[in-house]
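Please build the complex by placing chain U on the supplied structure of chain H, with the hints as guidance.
As a plain string of letters, each chain reads:
Protein chains: 2
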Amino acid sequence: MEFNMDFKPLTVQPQEIESLSFDIITAEIGEHPFRADQYPVVQRVIHASADFDLGRSLVFHRDAIEAGIAAIRAGKPVFADVQMIQSGISKPRIEKFGGRVEVYISDPDVAVEAKRLNLTRAIIATRKAVAEAPDGIFVIGNAPTALLELIRLIKAGEARPSLVIGMPVGFVSAAESKDELAKLIDGDVPFITNRGRKGGSPVSVAALNALSLLAEQQ
Amino acid sequence: MEFNMDFKPLTVQPQEIESLSFDIITAEIGEHPFRADQYPVVQRVIHASADFDLGRSLVFHRDAIEAGIAAIRAGKPVFADVQMIQSGISKPRIEKFGGRVEVYISDPDVAVEAKRLNLTRAIIATRKAVAEAPDGIFVIGNAPTALLELIRLIKAGEARPSLVIGMPVGFVSAAESKDELAKLIDGDVPFITNRGRKGGSPVSVAALNALSLLAEQQ
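As you go down the protein sequences, you meet chains H and U in turn.
This note's numbering numbers the first residue of the first sequence as 50 and each following residue consecutively.
This note's numbering numbers the first residue of the second sequence as 50 and each following residue consecutively.
Excised from the complex, chain H in its bound form (with noise of 0.2 Å):
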């Protein structure tokens, strides 16, 4: 048989190609700006994404780590913009708090009332969250719209998020939605953004996931 490979894929565990990926990126990121609190989330999004510069990218509130393993412990719940959101995220370790995942954009409300205001349903659905939890968790990580209009509802007093994870990916508005958050910086809304075009349901999902084991292990 001619199926020769250097590595051994039936013996190496899910557990154990982690650990050596997490390895294999400290060995490799280099200088980086982050805290040690922050390092979690930079590995777990770089693990998902095999992309160191979409690592670099990243942006922390300075509140974002403490409020988000916070958030989580309290049971907040988690809005994502997307589907494949909401299947990426451990749901156990957000429902053992009391948490739960939903998702909103394919609601038939949510399609009726976009129509009628022609706005993107992504927008509809984040009003949809913001009044069912202002201080909710949010995850955007495909819908600039939803971004957008998530900052909008902060700033006119009405969303208070215990944190926002938005890093949609795209080439039209993605990287102004995130420069949008971004700006927020010295506000009292925790986040994590990027800055640039890369983003998306994977490194969102994976910066979540980081928070929630964090939540776990405290």
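Calculated directly from the structure, the hints in this document are not laboratory data.
It is possible that part of the hints are untrue.
Because identical chains cannot be distinguished in the list, a pair is counted as satisfied if it fits within a single copy or across any two copies.
[Said to hold, decoys possible] The calculated lysine-lysine pairs, modelled on BS3-like cross-linking and capped at a C-alpha distance of 30 Å, are:
{"no.": "1", "residue 1": "140", "residue 2": "177"}
{"no.": "2", "residue 1": "232", "residue 2": "145"}
{"no.": "3", "residue 1": "177", "residue 2": "204"}
{"no.": "4", "residue 1": "164", "residue 2": "177"}
{"no.": "5", "residue 1": "145", "residue 2": "164"}
{"no.": "6", "residue 1": "204", "residue 2": "232"}
{"no.": "7", "residue 1": "232", "residue 2": "177"}
Keep in mind it's a predicted model, so treat the numbers as computed, not measured.
Leaving out everything else, chain U in the frame of chain H:
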């Protein structure tokens, strides 16, 4: 109100955003080695990742586009390695041709068998899918062991997929697993893969969704 932005997110609809994104990609991609019929896949992979390097790292088997479209139109089942991929795939476009999207990694019988044999659940889930439909469409964006097992079954004559989309992301075995797939370039199994560590669910989903759009338009 100080919320001033150069773009107008509240009036931009998703279709316009996508169209504008594709224009930006076409303007920025520069020279590339891909055929005209492969370009829609390249374009959607870049759109999903905002990463031109990732797009340029794609490798197509000569029959991947034609065979992929034919497989979708024939209603071949789609097997995803993780739930996030199942969530991201545009299911109505698969189902209208009689297809469906399955993911077996969380099935209780898969967990039991993986534990019994001391193999990853991804390997057992791949075996389950191949047993069900050796000529299915396999979309693997995360687990190198799933892709390596599928390659092993192809070489053993037990699997003859209609299409393999194999783009695991990560630091351990991901690049190697894709190199193994790329070695099948002169074989008769159509595939789409990429070189290097990057990859993941959104780009794997983007590749399949590009093909299902083409299938719908034919």
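Hints, one by one, checked against the model:
1. Taking the shortest alpha-carbon separations for residue 140 and residue 177, both the intra-copy value of 21 Å and the inter-copy value of 25 Å come in at or below 30 Å.
2. Taking the shortest alpha-carbon separations for residue 232 and residue 145, neither the intra-copy value of 34 Å nor the inter-copy value of 45 Å comes in at or below 30 Å.
3. Taking CA atoms no more than 30 Å apart as the test, residue 177 paired with residue 204 passes inside one copy only; the shortest distance there is 17 Å, against 51 Å between copies.
4. Proximity of residue 164 to residue 177 under the C-alpha cut-off of 30 Å is restricted to the intra-copy arrangement: shortest distance 15 Å within a copy versus 43 Å between copies.
5. Proximity of residue 145 to residue 164 under the C-alpha cut-off of 30 Å is restricted to the inter-copy arrangement: shortest distance 25 Å between copies versus 37 Å within a copy.
6. For a Cα distance limit of 30 Å, the shortest separation of residue 204 from residue 232 inside one copy, 11 Å, qualifies, whereas the shortest one across copies, 54 Å, does not.
7. For the identical chains of this complex, residue 232 and residue 177 are intra-copy neighbours only, at 24 Å inside a copy versus 49 Å across copies, given an alpha-carbon limit of 30 Å.
The structure shown violates just one earlier hint, number 2.
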